[in-house]
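Q: Make the full structure from the sequences, and use the hints.
Protein chains in written order, with this note's numbering: chain A, 1 to 437; chain B, 438 to 729.
These are computed hints drawn from the structure, not numbers from a lab. One thing to keep in mind: the hints can contain errors.
Cut-off 30 Å, straight-line C-alpha distance, at most; resulting in silico cross-link-like pairs (DSBU-like, lysine-lysine) [as the list claims (entries may be wrong)]:
no.: 1; chain 1: A; residue 1: 98; chain 2: B; residue 2: 701
no.: 2; chain 1: A; residue 1: 374; chain 2: B; residue 2: 705
no.: 3; chain 1: B; residue 1: 688; chain 2: B; residue 2: 571
no.: 4; chain 1: A; residue 1: 108; chain 2: B; residue 2: 663
no.: 5; chain 1: A; residue 1: 404; chain 2: A; residue 2: 357
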Amino acid sequence: METKNDFQKEPQNNSQTEPKLSRRQLLKMAGVGGAGLLLGGAGVGSLFATGAVGAASSTATAQPAADILPFYGKYQQGIVTPQQDFFHFAAFDIIAKKRSDVRALFEKWTDAAARITQGQPVGDESNNQHLPPTDTGEAIGLTASKLTITFGVGPTLFTKDGADRFGLASKRPAPLADLPAFSADELQAEWCGGDIGVQVCANDPQVAFHAIRNLARIARGSAVIRWSQAGFQRTERAAAKPGTARNLMGFKDGTGNPDVNDDAAMNDVVWVQPSEGPAWMTNGSYMIVRRIRMRIEEWDRSTLQDQEATFGRARISGAPLGGTDEFEKLDLDKKDASGKPLIPVDSHVALAHGDGKVRILRRSYSYTNGIDAKTGQLDTGLFFVCFNRDPRKQFVPMQQRLAKNDRLNEYIVHVGSAVFACLPGASAGGFLGQELF
Amino acid sequence: MTHMKKRTKTLIGLTLFTSLALAGCSSAQDAAAPATDKKDSAAQTQAQAVDLKQPIADYRTYVIEQADALIASTTQFVNAVKSGNIEEAKKLYAPTRQYYERIEPIAEAFDNLDPDVDARENDVDASEWKGFHKIEKALWEANTTKGEEQTADELLSNVQLLRAKVETADIEPALFVTGPVELLNEVSATKVTGEEERYSHTDLYDFAANVEGADKIFTLLQSTLKAHDAQLTDTIASRFADLNNALSKYKKDSGYVSYTELSKEQTKELSQAVDALAEPLSQMGTVLGANK
Ligand code: HEM
Chain A
1 METKNDFQKE PQNNSQTEPK LSRRQLLKMA GVGGAGLLLG GAGVGSLFAT GAVGAASSTA
61 TAQPAADILP FYGKYQQGIV TPQQDFFHFA AFDIIAKKRS DVRALFEKWT DAAARITQGQ
121 PVGDESNNQH LPPTDTGEAI GLTASKLTIT FGVGPTLFTK DGADRFGLAS KRPAPLADLP
181 AFSADELQAE WCGGDIGVQV CANDPQVAFH AIRNLARIAR GSAVIRWSQA GFQRTERAAA
241 KPGTARNLMG FKDGTGNPDV NDDAAMNDVV WVQPSEGPAW MTNGSYMIVR RIRMRIEEWD
301 RSTLQDQEAT FGRARISGAP LGGTDEFEKL DLDKKDASGK PLIPVDSHVA LAHGDGKVRI
361 LRRSYSYTNG IDAKTGQLDT GLFFVCFNRD PRKQFVPMQQ RLAKNDRLNE YIVHVGSAVF
421 ACLPGASAGG FLGQELF
Chain B
438 MTHMKKRTKT LIGLTLFTSL ALAGCSSAQD AAAPATDKKD SAAQTQAQAV DLKQPIADYR
498 TYVIEQADAL IASTTQFVNA VKSGNIEEAK KLYAPTRQYY ERIEPIAEAF DNLDPDVDAR
558 ENDVDASEWK GFHKIEKALW EANTTKGEEQ TADELLSNVQ LLRAKVETAD IEPALFVTGP
618 VELLNEVSAT KVTGEEERYS HTDLYDFAAN VEGADKIFTL LQSTLKAHDA QLTDTIASRF
678 ADLNNALSKY KKDSGYVSYT ELSKEQTKEL SQAVDALAEP LSQMGTVLGA NK
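A: So, in structure tokens, the structure goes:
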């Protein structure tokens with residue numbers, strides 16, 4: 001479930017910024033507001049010296065640099081970022097009528113995201129007691145926890161019910177096609193679609209929720225949450241040693257992912273290249289989310305042999321069937337004594353792997369949502385997330401193969417689905433989607 | 438009305454002591470509203486820095502008008518109930534309540550009045566239940582007015598008491614400014630969910646009245662607000678228009694369709710329009726501060 005090489009350093013596309021407090025923030029922290037500017041540099045210095053900063057009712061938290069991931073850069077964060085422990089996804093629908101309102105929303109969101117991912121409150125607090133606080137407050141005193149926020153736009157931003165709502169229809173990228181219906185899909189409207197998709201990941205669930213909540217608050221009047229889902233995987237702390245996380249079927253999930261530190265592979269699999277167009281998507285990526293329910297009751301009564309044959313990998317080690325090491329090459333031609341393939345041709349990895357030429361970057365999380373009121377069974381499964389350069393050539397053909405023949409289908413059902421064009425990164429002073437809106 | 442147990446503050450603070458002292462009236466002491474937040478003396482000073490005397494005086498006039506109309510309409514309603522005229526009582530029920538809902542923040546400031554007039558079943562002990570909703574239940578569920586005569590009389594005397602109290606009540610600027618948000622919170626909490634009028638399903642009447650009451654305060658503060666933050670003022674005005682538009686789809690005759698006619702999708706749309714308006718409205722306190 002994690003990208004391979006988890007626990008390794010962040011790829012070097014963005015230079016790690018030191019969390020520094022601006023002078024303005026210092027003034028805020030000291031509670032002197034605008035008037036404090038009259039004090040000049042010396043005034044600020046003496047506030048420090050007397051320790052007034054610590055005494056003030058500050059909402060900024062001292063941030064360990066390792067917990068902060070850069071927000072601005074060539075690419076958006078949260079895509080080739082090693083997978084964090086917790087996840088919160090929200091699909092939004094735009095209710096604003098004008099393109100300029102959508103643009104304004106992205107400006108505000110970019111500013112807010114740039115702040116909270118650095119462990120700062122969403123905006124400056126005023127000291128007017130007659131106003132609600134600017135930040136909702138549940139992240140006060142918490143570190144940034146490797147928070148990342150990733151924004152994408154869905155097909156319905158461009159055209160909805162045949163209408164060119166914001167004059168953007170001509171800008172819709174061909175790869176952002178509506179996903180075709182896959183056999184055995186049981187999609188439910190309440191888990192599907194959205195004009196905008198926001199993926200939030202962090203090593204703390206409250207930090208992740210805080211991000212979604214504040215973005216929703218900022219959006220009020222411009223966009224509303226259409227649906228949302230929280231997710232998790234094992235925490236780094238709980239893992240006895242670093243390694244691939246397991247999904248709720250008990251199998252290591254993420255082994256076969258491409259290496260996020262391999263720039264060539266990422267350019268090949270994930271990032272939209274300049275030659276592809278449209279220009280506003282260069283260095284962006286397409287995100288597909290599928291809410292996949294697991295029939296865990298049935299899975300739990302299937303035999304070990306059946307389970308391993310379903311995936312084509314060994315349960316404990318994660319090695320391909322017939323092999324011994326998790327990361328050894330997947331050899332689909334290996335046969336047993338009787339000439340049968342060791343990895344069944346209709347196993348999940350055999351079908352997902354295909355000829356090995358078409359790949360995607362998976363970044364999924366487990367989810368659980370109480371029980372299914374009808375059956376009393378747990379509503380739980382995999383919130384599948386993947387990134388790719390062109391879903392029509394990568395995710396779609398792969399999922400078509402899986403939907404038709406995957407042994408795993410006996411134990412899963414796709415109930416939610418959405419596709420988004422994740423914008424390229426923004427640079428400081430700019431905002432996400434600047435070239436689109 | 439707001440859910441009693443959850444309520445932590447009155448919507449508009451009414452400090453009665455000044456006017457009461459002047460009037461030398463002690464019988465109304467029990468109506469003194471809870472103290473307002475005075476944590477921050479800087480904010481208090483700021484609050485005094487803007488002059489809201491005129492808008493507040495105008496608001497009092499509005500409240501008195503609504504209270505007068507409430508008495509007139511309640512009198513007719515009570516007469517219909519007491520004479521057993523069920524159809525007439527049903528017709529008068531929702532429009533009468535609107536006068537109350539428009540000024541609900543004021544009514545709620547008087548501790549016992551609001552439950553006596555507006556408690557829903559289960560808000561109070563069964564033995565203490567009285568007011569509009571008790572009669573609502575009799576009218577729509579039992580289809581009778583029998584046994585409600587005393588409740589009807591008490592209701593009328595309680596709205597008369599309300600009218601007497603609003604005359605002298607001191608309206609706090611700080612809470613006057615947050616009144617519109619409190620009114621919209623009322624809508625979000627009970628009206629948009631159909632919990633307020635669970636027997637008559639006339640929730641949209643209350644909904645509309647709460648919005649009108651909020652709009653009134655905004656209108657009175659509009660020019661002051663504009664001087665502080667023109668963009669915020671425009672946003673609020675256009676969100677009021679959006680909400681009124683959304684609501685107007687459900688107008689029928691001189692009132693509104695039954696809540697039960699709304700689809701889930703329509704209810705959600707209304708609820709989101711309320712949130713869209715309430716968020717910028719919550720920034721109105723800026724008129725009391727020094728920022729912008
Ligand atoms: C509940 C649903 C799913 C579960 C439980 C699941 C689980 C797994 C597991 C255990 C593996 C082997 C370890 C690994 O390489 O990560 C795997 C591999 C893989 N899965 Fe899935 N998966 C699910 C859905 C999907 C979907 C919808 C897709 C894409 C359409 C997909 C694509 C892949 C790919 C590309 C691989 C790697 C194949 C290779 O080694 O080349 N999976 N999955």
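Q: Return the numbers of the hints above that this structure violates; sort them in rising order.
A: none
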